[in-house]
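Both chains are given apart, each in its own frame, so use the hints to dock them into the complex.
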Amino acid sequence: MRRRIWLWVLLPLGLALVLVVAAEAQGEAPTDDQVNAIAKKLYCPVCPNTPLDVCATKACQDWRAQIRDQLAAGWSEPQIIDYFVAQYGERVLAEPERSGFTSLVWILPMIAAGVGLVGFVEVVRQWKRRRAAAGPPSMFAASPAAAVDPETLARIEGELEKMA
Amino acid sequence: MLNEVGWLALLIGFGLSLYASGAAAWGGWKGQSRWVASARNAACLVFPVLTVSVLALVAALLRLDFRLAYVADVSSQAMSPFLRATALWGGQQGSILFWGWLMAGFVGAVLVRPWRSDRELFPWVIAIAMLTTAFFVSLAVFITNPFERYWLVPGAQELTRALSAPPGAMPYVPAEGDGLNPLLRHFGMIGHPPTTYLGFTGFVIPYAFAMAALITGKGREDGWIRATRRWTLVAWMFLSVGLILGGRWAYDVLGWGGFWGWDPVENAMLMPWLTGTAFLHSVMITEKRGMLKVWNMILIILTYALSLFGTFITRTGVIGSVHAFAKSALGPAFFIFIGLTFLGSMSLLFRRLPDLRTEHELEGVVSRETAFLLQNLFFLAITFAVFWGTVFPMISELVTGTKITVGPPYFKQVAGPLFFALLVLMGLTPLLAWRRHGLHSLARTAAPIVAVSLVLAAGWAYVHRLHPAAWAALWLVAFAAVAVLAEFVKGVRARMETRREMALIALARLFARNRRRYGGYVVHLGVLMIALAFVGDTYFKQETQGSLQVGEELAIGGYRLVFEDLRTYAGSDGRDIVEARASLYRGSKFVAALAPRRDFFVVQEQPVTVPAVYSTPGEDVYVMLVGWEEIGYGSTTFKIYLNPFINWAWLGGVAIVLGVLLSAFPGSRAYAEVSYELRPRRLDSAEPAGESA
Chain E
1 MRRRIWLWVL
11 LPLGLALVLV
21 VAAEAQGEAP
31 TDDQVNAIAK
41 KLYCPVCPNT
51 PLDVCATKAC
61 QDWRAQIRDQ
71 LAAGWSEPQI
81 IDYFVAQYGE
91 RVLAEPERSG
101 FTSLVWILPM
111 IAAGVGLVGF
121 VEVVRQWKRR
131 RAAAGPPSMF
141 AASPAAAVDP
151 ETLARIEGEL
161 EKMA
Chain X
1 MLNEVGWLAL
11 LIGFGLSLYA
21 SGAAAWGGWK
31 GQSRWVASAR
41 NAACLVFPVL
51 TVSVLALVAA
61 LLRLDFRLAY
71 VADVSSQAMS
81 PFLRATALWG
91 GQQGSILFWG
101 WLMAGFVGAV
111 LVRPWRSDRE
121 LFPWVIAIAM
131 LTTAFFVSLA
141 VFITNPFERY
151 WLVPGAQELT
161 RALSAPPGAM
171 PYVPAEGDGL
181 NPLLRHFGMI
191 GHPPTTYLGF
201 TGFVIPYAFA
211 MAALITGKGR
221 EDGWIRATRR
231 WTLVAWMFLS
241 VGLILGGRWA
251 YDVLGWGGFW
261 GWDPVENAML
271 MPWLTGTAFL
281 HSVMITEKRG
291 MLKVWNMILI
301 ILTYALSLFG
311 TFITRTGVIG
321 SVHAFAKSAL
331 GPAFFIFIGL
341 TFLGSMSLLF
351 RRLPDLRTEH
361 ELEGVVSRET
371 AFLLQNLFFL
381 AITFAVFWGT
391 VFPMISELVT
401 GTKITVGPPY
411 FKQVAGPLFF
421 ALLVLMGLTP
431 LLAWRRHGLH
441 SLARTAAPIV
451 AVSLVLAAGW
461 AYVHRLHPAA
471 WAALWLVAFA
481 AVAVLAEFVK
491 GVRARMETRR
501 EMALIALARL
511 FARNRRRYGG
521 YVVHLGVLMI
531 ALAFVGDTYF
541 KQETQGSLQV
551 GEELAIGGYR
561 LVFEDLRTYA
571 GSDGRDIVEA
581 RASLYRGSKF
591 VAALAPRRDF
601 FVVQEQPVTV
611 PAVYSTPGED
621 VYVMLVGWEE
631 IGYGSTTFKI
641 YLNPFINWAW
651 LGGVAIVLGV
661 LLSAFPGSRA
671 YAEVSYELRP
681 RRLDSAEPAG
691 ESA
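Chains E and X are the protein sequences, given in the same order.
If you're matching positions, the first sequence starts at 1 in the working numbering and goes up one per residue.
If you're matching positions, the second sequence starts at 1 in the working numbering and goes up one per residue.
Derived by calculation from the structure, the hints in this document are not laboratory data.
Possibly wrong hints are sitting among the right ones.
Said to hold, decoys possible - Pairwise CB distance ranges, derived in the manner of DEER restraints: (1) Val-603(X) - Ile-111(E): 45 to 53 Å; (2) Ser-99(E) - Ala-512(X): 53 to 61 Å; (3) Val-399(X) - Val-118(E): 25 to 33 Å; (4) Ile-111(E) - Gly-416(X): 13 to 21 Å; (5) Val-115(E) - Gln-413(X): 13 to 21 Å; (6) Gly-416(X) - Arg-129(E): 31 to 39 Å; (7) Val-118(E) - Ala-512(X): 42 to 50 Å; (8) Glu-552(X) - Asp-69(E): 19 to 27 Å.
Claimed, not checked - Calculated from the model, a selection of chain X residues having no Cβ within reach of chain E, i.e. all distances over 12 Å: (9) Ser-38; (10) Ile-143; (11) Trp-151; (12) Asn-181; (13) Val-234; (14) Phe-342; (15) Ala-385; (16) Val-391; (17) Thr-400; (18) Ala-486; (19) Phe-488; (20) Lys-490; (21) Thr-544; (22) Ile-577; (23) Arg-586; (24) Phe-665.
As the list claims (entries may be wrong) - A partial selection of chain X residues facing chain E, derived with a Cβ cut-off under 10 Å: (25) Val-253; (26) Gly-255; (27) Gly-258; (28) Leu-377; (29) Pro-408; (30) Gly-546.
A quick note: this is a predicted structure, and the numbers were derived from the prediction, not measured.
All C-beta atoms in this analysis are idealised placements derived from N, C-alpha and C, irrespective of residue type, glycine included.
Excised from the complex, chain X in its bound form (with noise of 0.2 Å):
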């Protein structure tokens, strides 16, 4: 009964959607307001009907109604209850329904803001963001339909899915489920997809007011891009900690050492990412300064299409990964509909063009306007190498027959310098003035930052051991970070100096009077902070691998592993487990016992190796279990990687939210609207570095 309930709303989910965009676009484009009042109406109830479909879904997934094909492929009598309910995104059917509800949901939420110079753009936002909800909704409806069951045809060697009975069929109710894919069950998947869907779904609405600015013509004005500033930003830390929530599942499951493989999937992720990142740089150039209205255009066209990439490469598995596990029809469906939205984008973009004229010139060739163009270059650059180094294998196969790999290598090799450069500018756009900046002084400014930045990866060159790469990756890594910290203590002095506030107090207020500019320097640590784990990760990792017998040591950098014993035991949700004991000693200082782990997931005869880490904030010594002999476990194989700075690739995430929180909800909205508004000239001489004081 409830799953009826649960497919028929997903139906009317479906029919409502499809309605609101159509008639949100017929209002709009004949100019009557019935019609965008109806629209409007039957867009809001999307989420609640979908609301509906989806806990219909999750009450089937925690009772076990193996009726449904869904539950019996990724529920199980050994998952506890919430796993169960979190198994909702752990399969196709899910995931997409799940896509779709949260969409529905970020419109809803957009339609009831405070509407009031943008109006206009209320019609064919609703039409645009419906257009896509339904998309979504009508895969779940047609294609991967998560209310489907097993029926046994006569005959047929396989079980069919199907909404209802094939002719002469019998239904086929499973006693017990597959249970969701091991590699799974830990609480990096289980927050992995819906931030990442967050972030994916979030970048609808600033993409929906875009389209919506450009068919009003409207596209000339700021409107949208203020309008959407959070919406934005909220998108893009989802998407943030969607990718370090991934990462740290990587490290913690998939027994490599390490947490980003440059894997197709992570990097279907990335790629939006990246052009959101050089999107919400981009805006500031149009906030201030009137330019590069059509390359934000460009830039949300991208990022949107590449979002909708992104699901399609995971939802499909267009190219075989070890993230991929969801693997359908869907191909066809998601490439036409990314081909028109590309497209029809594009096209409407093209139409528009001379709207979008700069408004501004440029004043001065060394200036805060070219060094956030340079960084838009730096970043387009990185997301083309990635998606090339991604999709190539498929033109290779295609084009010659021969498959390849493009792994780790290539996109160090490609996207490294880049990423390099880009922290150089990470450093210096903050010392930059907006306009034009003259080269001496910016060399005075930057001088002192230069000086202390070398001598901080001098002395952690000293410490570990020196390699010219290495020290440079570091040097840079410093390099931004003092800029930043330095943006930082030049105002807390200059409110001290002028206002004779204590150090504290000047610091929180200078938040206060400009949430956005510092909260953005509190994300650029954040994403110090990770760059610093990638050069660890690159640079400073190390590695040794080696069979043991009782007693016997292995040893690396400081630290000794002694091998204890080896015991198997049954565990929790029907595995096997192989767990071996061993102290850590660091020189002769016992510091941690540690147990590495092999489970073997008996229903789904899957390995899943479980290693065991000694965290400290500077390394995690990260062990393995490799191998054993099956009788008399006299000799067992251990790997062990030393990964210095890993943890600060969680802290840089735990930065990016709170930077992000910081600048997004800014405490009244007086204080956002003077960050917004050109100063005029004298005042900017004055202080050449910047828009607050």
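Only chain E is shown next, with the shape it has when bound in the complex (with noise of 0.2 Å):
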């Protein structure tokens, strides 16, 4: 019994809010750059590659009007783009979604981006192992002229002449 009441108390109050809150949004008219901020996470759905924002095709200017009316009748931002991904279809959004299979493309530059760095250190250790195997640090050190191979020997005193 009690919570009918609470019922009654509400539902009036939840009512004046939403009249409040409609005429609020209908008593001013949305301005082109509220448009525009919602039209430029859209993209055209007739024109390749085109945001919506930008798009001077009738077509456009038309849908950028429906987004006017839409924010003229209360409509939010989510509201307007879930309704032209259901009018449209997923490639009317300029950023991807995170989910079902477009996530991929979210997804994969991460892995390739962690594998690449997992080589990186991979590469770093390997250089570094083969440098404990060689010798000592500096070539310079006292390492016995045999583990310095002929080849790279050569390399160095022609360089070495080259600089004189």
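Structure, rendered in structure tokens:
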């Protein structure tokens, strides 16, 4: 019983709130900038690779007018974007979704960068290890000449000669 | 008559390039210099022969010889002679011929260079470069022939394009051509294709040398790298200029207030640029330290394959795009050729893997070598992200049947952080010594640079509105720039102290002594200027749109745009123009009269938005005419972008060209060779940063 009373209080309050919000939304006509802010996140459904906010075709002007009407009717940005996706498909989204098959577009570069980083660490390690196996850190340190292969030795000598 | 000469020359060019490739490979394989000499002669002839073909096509374009289908497609009486000539690369058929011609030019130039120690590579360079040339010329001969004509076949709905008359057909000669796509009539688009193609085709030279080195078993020596260093730099420079001109064209013509839209065709150009840049850096490690030999090979193969891929995307329109004007059945031919090039090169590399062992070991984890390696990794990661984002819509459509768009937000979020990581490396790497570097001494050298750049960025952030990401981005650019400038200051001060030279003379001699290094720094500064433009575009850009009555105003930043009037008139080149006139005020001060337009090309039925721009070194006010009322001109809609730092992008392009010219053409050979040499260790430890003084 008590619960019901709450309902009777809340219902009109909620209704009033909705009305006020709607009236406010209707009271001020949406500006071009508000329309463009949403259109920027969408791609023209007909022209290839053209964001909706800059597309000059008649169709896109109409779509922008539609966004304006929806804003005037009090729709929120996600609602408008969802509407366009439902109408024209996922391709109207400038930013690909992060779910389903499309999430691969986001995930794979990260995996690739990760693999690259592991590869980088591995290469550096290998280089270091080879160095450790090759001997002391400086080529001027006392290392037996035999440890340097003849080809490298010849190269070094050649270079020293050129420098002189 | 002239057309037949052009067609015949094209055919001869094809035969010669095919012969040159075969004869050179045979001569190289059997060790018979007779065949190589013959191949060389044939290869040298390809360029002049193709020049005849190109000139014949240009002549047809200038004469408006509408008997040729290509001329009817891209040229018209309303176009100026200059535009008609540039229509050579305004369409599919002409572009492919132009591509092949440029490539033949590069190959011809490399054949007449003095061949000394790299003589063994000679036959294989001819074989590989000429094979690629033959492929492009064959496209022009068999698939998209620019000398085709239009024919009326009885009963057919559409005109037939063919070289000779199909049975029962009548030749069709239109009285007027369609004219060049109006969007292409801009200096950026006139300069963009040639420079881009020069970049793309230029990479054939290092690629051919690399493959020749693998085939002859000389991959272990860096001869091929030294021989092609300047060719690579020049190709890279043209590719950079092509990218910037394309950006300038987009900014002036496409009317969306920006210069880079992450469009598939832009990405297709960016990818070889990225791997090419990585290649330019990784060869330095090979030259100085004998490391990363396999890696260089992979990078040049990738760069070249991506150049072909770029042409494939641009020229076949496989990924629908605002830039891909050309559409044709070239796809399969290209696809097979790219696949064969890539797989063939990779398997060759794989067979020679044991030859390409590294000569030196890494001495310290903190060293210039690791910084370069990390930089290469970032470049490749960006390339992969861009590649994946570019082809993913196709994959998605193939796999799930859903078309999706991968727009700028993706590229900004994925590639952006990697680019910033590159900026950090760009600033730090000049401070690091080859072999190894102490963390403490690195911190000591870096500290003043970090401090100065922090102050600079804080000052900027104070002037402009503060946004944490924007501030961090600005700081990174400032850090890298200060680090590069510090290198100049250090060098100049060292000379002033030790040789008592005046500052300017010291600077000039610094360049003269080591053009390669300081030219490279100038290129870095150019890249940083472009990075600044990107930071401005990403974080500081403002836009607003509004409908105005005459006398009303629209405000943005500190500017006000007052609408004066709107008029329509007929312009040149067959267009109707609607032009608004407006006055731009900064505060209460009048700064410029602006006239944004919408041109409507009647024949092509294509509107082109021509923005009016008030440009200052700090920012551009970019005004577009978006809409108007047909009757009474009561309410006219303007869109204004405030684009900070954008002019730095163009300036950066100039700096890049300057830097490449400085570093690619040393005053004397001696200097260049000195700078290649490894120096004894104690000299290095006396001066941690570098290789010159």
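| request: Check each numbered hint against the structure and report the violated ones by number, ascending. | output: The structure conflicts with hints 15, 16, 17, 21, 25, although it agrees with all the remaining ones.
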